[in-house]
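Chains as they are written, first to last, in the numbering used here: chain A, 1 to 462; chain B, 1 to 462.
Take these hints with a grain of salt, some might be off.
No copy labels: a pair is met if it fits in one copy or bridges any two.
Only pairs whose alpha carbons sit at most 27 Å apart, straight line, appear in this in silico DSSO-like list of lysine-lysine [as the list claims (entries may be wrong)]:
1) K89 x K56
2) K407 x K143
3) K24 x K89
4) K362 x K399
5) K34 x K143
6) K24 x K362
7) K143 x K24
8) K24 x K257
9) K362 x K461
10) K203 x K407
11) K415 x K24
12) K56 x K251
13) K259 x K34
These are calculated hints, taken from the structure and not from any lab test.
There are 2 protein chains.
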Amino acid sequence: MVCDRLHPDNKKAMTDPDLLQDLKNIWHPCTPLKDPAITPLLLVDRASGIYLFDNKGNRYMDVISSWWVNLLGHNHPRLNRALSRQMEKMAHVMFAGITHEPAIRLAERLIQGTPDNLTRVFFSDNGSTAVEIALKMSLQYWKLSGHAKKNRFAYLKDGYHGETLGALSVCGSQLFRDKFDDVLMSNVEVQGPDCLRCPFGLKRESCQAECFDAMQNTLDTHSESLAGVIVEPLVQGAAGMKMYPPVYLKKLEDACKAKNVHVIYDEIAVGFYRTGSMFVCQGHELHPTFLCLSKGITSGYLPLAVTLTENSVYEAFQGSFENFNWFVHSHSYSANPLACAVANETLALLEEPGFSESLQQKSGVMREVACQLEELPWCGEYRQIGMIGALELVRDREKLTPFPVEKRIGFEIFKEGLTRGLFLRPLGNIVYFMPPYAIEEDEIKTMIRSAGDSIRAVLEKE
Amino acid sequence: MVCDRLHPDNKKAMTDPDLLQDLKNIWHPCTPLKDPAITPLLLVDRASGIYLFDNKGNRYMDVISSWWVNLLGHNHPRLNRALSRQMEKMAHVMFAGITHEPAIRLAERLIQGTPDNLTRVFFSDNGSTAVEIALKMSLQYWKLSGHAKKNRFAYLKDGYHGETLGALSVCGSQLFRDKFDDVLMSNVEVQGPDCLRCPFGLKRESCQAECFDAMQNTLDTHSESLAGVIVEPLVQGAAGMKMYPPVYLKKLEDACKAKNVHVIYDEIAVGFYRTGSMFVCQGHELHPTFLCLSKGITSGYLPLAVTLTENSVYEAFQGSFENFNWFVHSHSYSANPLACAVANETLALLEEPGFSESLQQKSGVMREVACQLEELPWCGEYRQIGMIGALELVRDREKLTPFPVEKRIGFEIFKEGLTRGLFLRPLGNIVYFMPPYAIEEDEIKTMIRSAGDSIRAVLEKE
């Protein structure tokens with residue numbers, strides 16, 4: 001096995017029996033299979049606050065909140081206590097024929113925190129299933145309402161909504177779908193906002209979402225076959241933290257209402273204050289028909305997901321038992337009490353007085369400090385909403401020419417980051433920051449500065 | 001709201017503020033929407049061993065292990081300790097670029113406990129995703145191997161493999177799929193074993209799986225387009241605990257090998273000693289290409305799932321980063337350390353000396369005691385494998401005429417069971433027993449006797 005030149009611990013790490021056993025047995029998600037043999041995985045032993053600690057005691061800042069899930073920091077005393085308390089009563093019980101207090105509390109909190117039209121909560125385990133449930137509810141709703149032809153969805157180019165085959169069928173990224181295109185349901189891809197390279201030459205701060213025309217055309221042409229439109233509101237995460245203005249979402253809401261099409265918000269990555277408000281829909285007075293949440297809901301402790309919808313949808317399922325008009329869908333661990341208990345404590349922490357103000361302050365610091373990234377000669381754009389910051393690196397700043405994929409500059413920067421105590425995970429040429437909210441101002445400064453150093457170390461050699 | 005005549009606590013329960021809040025906010029899985037308004041849900045407050053306790057202190061035996069997930073009993077001291085210990089180190093960390101000891105231990109244990117050909121473990125969160133991953137790996141494998149036409153799966157009539165749209169496309173039950181048939185991938189349904197009503201007039205104890213002809217025909221006709229065949233080995237759970245002999249699986253293995261088609265085992269419900277051996281494949285020396293596990297893997301504590309496969313599959317994904325031949329699939333909470341820690345302790349408990357013998361003993365007691373169910377005038381068949389027992393109720397014992405669906409006799413028996421301290425959840429006309437292994441012999445006797453009483457209370461009125 002080849003040891004990589006950049007990671008100082010490589011040769012030593014590759015003799016670690018745990019890492020060798022991992023290499024022999026485990027197939028890691030979204031990982032080119034040869035990578036762990038060349039660049040050893042980080043063997044993380046414990047975590048605290050914004051830091052991960054490997055088995056040699058080295059510390060790494062969890063810059064991307066462990067795939068965007070951790071909100072309040074690792075090993076949080078109050079979350080640990082909530083988990084322990086629930087464990088002492090009951091880890092899990094099934095959720096058909098049975099209910100329990102942690103789920104009842106959580107559903108009430110979520111309904112209180114989301115727009116008024118969202119009145120029903122359906123529980124599941126992960127983001128993909130939350131999306132699958134929204135799609136299936138929408139399909140069945142139209143069937144029950146005498147519009148069986150409405151059996152397709154529109155989705156945005158570069159959009160990401162999970163990778164089970166239903167969720168994948170509304171993903172607009174070839175990276176995820178190209179091996180499976182022939183078995184996916186026939187949905188409609190729509191060119192969405194592309195603010196950095198706006199074809200109208202406008203700025204996201206001042207435009208009127210002129211790019212919405214493409215979606216309007218789709219709705220005009222296909223509304224008879226369209227069940228719904230699914231979007232990641234404000235930030236297309238896996239696309240590289242592509243950010244677009246709320247006016248697009250307002251237009252989408254109005255157009256879908258006019259055309260009798262559901263609006264599905266996937267706030268799995270952006271919910272729970274990531275963009276500055278508890279939810280995008282609630283912060284911007286928007287009213288999706290379905291809202292999918294997961295990731296941060298347990299502050300990165302446990303898998304849990306919910307799909308919220310409105311009474312107009314729910315009531316359509318009130319048929320009798322015999323005609324099976326009800327929604328036949330379940331997951332064994334729906335509304336897992338341990339996960340619900342941690343979610344309740346997460347929401348309690350987010351709702352504490354002063355929390356959102358302190359986050360706004362941190363977001364401001366991050367924006368300010370990130371100015372130094374804009375000085376880099378490879379900065380195509382630094383963009384930020386709330387606690388999500390993203391630097392798009394380009395080879396030519398004027399022409400915004402991307403670095404070629406085969407250079408893997410993101411992966412090289414990731415490895416440089418490790419040597420500087422950062423766990424980054426760039427999305428292609430986009431280095432992004434999505435730290436736990438527990439990050440302090442001086443840590444924000446360290447994060448941005450070290451990321452800049454890592455980028456320079458890689459790109460100055462190009 | 002109408003209060004139901006059978007449940008004594010109804011009127012009182014419907015004034016419970018928690019239950020009313022549940023009724024207002026929550027959409028329960030696989031539940032006709034009007035049911036919770038008519039028959040109050042059980043508000044479970046805590047659980048211990050094989051018992052659930054409601055908020056009034058009433059005790060219910062968890063006869064079906066909370067949807068088949070709980071193996072070792074609720075609130076198990078050793079599982080609680082394992083969870084606490086892991087929590088003190090780290091609840092979760094991402095699983096790309098990173099690994100951790102609980103996952104490494106678990107993968108090694110699973111590979112040790114399964115047939116030799118299974119050498120790689122891919123982690124996810126729930127049963128549906130474990131199946132989706134097997135389907136996607138199979139599809140991509142054939143594409144990478146120059147057999148792009150192999151893009152369909154064969155599945156058994158009445159088979160159940162989860163309800164995300166990919167998993168649903170290999171389910172053979174109209175109850176689950178009929179609202180979504182028009183968007184599912186085009187797979188092939190095959191008539192499988194139907195031992196109670198065997199068209200060949202044979203017995204499952206002595207036949208040679210003559211019914212395999214249907215599958216053989218499918219393989220003969222469609223092998224060029226078939227990527228794989230998926231089955232629930234030995235027991236089709238959601239179909240009503242339909243049981244069939246291992247000789248069917250042996251024939252399937254041989255035929256698929258001859259036709260170059262993958263075999264996918266969904267042992268989500270039957271794994272971890274449910275049928276008497278750790279896994280069906282290992283106990284019967286069978287070698288599926290993919291093995292999906294979930295449910296009992298954490299003894300009913302937390303959502304976790306794995307898909308195991310063999311090196312012949314894994315090696316096909318070893319392309320370079322640039323051509324994206326790797327498997328692009330992930331879930332945020334893949335290999336959640338808390339869940340992995342509980343899974344490791346679960347497996348340690350299952351592997352303790354004497355465990356499998358004690359289970360065999362309990363299974364024997366259950367089989368013996370269940371004789372009294374065979375005396376019931378509505379007994380079409382009592383069947384049992386390991387710790388899964390099922391009584392199929394029929395209106396006419398000679399002709400095996402089923403009770404009509406609209407009678408909902410299963411639901412009536414469920415309600416009678418509650419009054420006798422049993423949490424049953426019949427599958428249509430099939431009353432089944434799948435208790436946690438912690439059940440004691442006298443509790444087995446109580447369970448069977450009370451179930452018999454509940455059945456009589458309902459059917460004597462018919």
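Against the structure, the hints:
1. In this assembly of identical chains, the alpha carbons of K89 and K56 lie at most 27 Å apart only when taken from different copies (14 Å versus 36 Å within one copy).
2. Proximity of K407 and K143 under a CA criterion of 27 Å is satisfied inter-copy only: 26 Å between copies versus 48 Å inside one chain copy.
3. Taking identical chains as interchangeable, the C-alpha atoms of K24 and K89 lie at most 27 Å apart only when they sit on different chains, with a minimum of 25 Å there against 39 Å within one chain.
4. Taking CA atoms no more than 27 Å apart as the test, K362 paired with K399 passes in neither setting, with 32 Å inside one copy and 73 Å between copies.
5. Taking the closest pair of Cα atoms, K34 and K143 come within 27 Å of each other only across two copies (19 Å); inside a single copy the shortest separation is 46 Å, beyond that limit.
6. In this assembly of identical chains, K24 and K362 lie within 27 Å of each other by CA distance neither inside one copy nor across copies; the values are 42 Å within and 38 Å between.
7. Proximity of K143 and K24 under a CA criterion of 27 Å is satisfied inter-copy only: 24 Å between copies versus 48 Å inside one chain copy.
8. Taking the shortest alpha-carbon separations for K24 and K257, only the inter-copy value of 25 Å comes in at or below 27 Å, while the best intra-copy value is 53 Å.
9. For a Cα distance limit of 27 Å, the shortest separation of K362 from K461 qualifies neither inside one copy, at 33 Å, nor across copies, at 69 Å.
10. Taking the shortest Cα distances, K203 and K407 never come within 27 Å of each other, neither inside one copy (30 Å) nor across copies (63 Å).
11. For the homomeric pair K415 and K24, the shortest alpha-carbon distance inside one copy (22 Å) is at most 27 Å, but the shortest distance between copies (50 Å) is not.
12. When the C-alpha separation of K56 and K251 is checked against a cutoff of 27 Å, the pair qualifies neither within a copy, at 53 Å, nor between copies, at 51 Å.
13. In the homo-oligomer, the alpha carbons of K259 and K34 never lie at most 27 Å apart, since the shortest distance is 48 Å inside one protomer and 31 Å across protomers.
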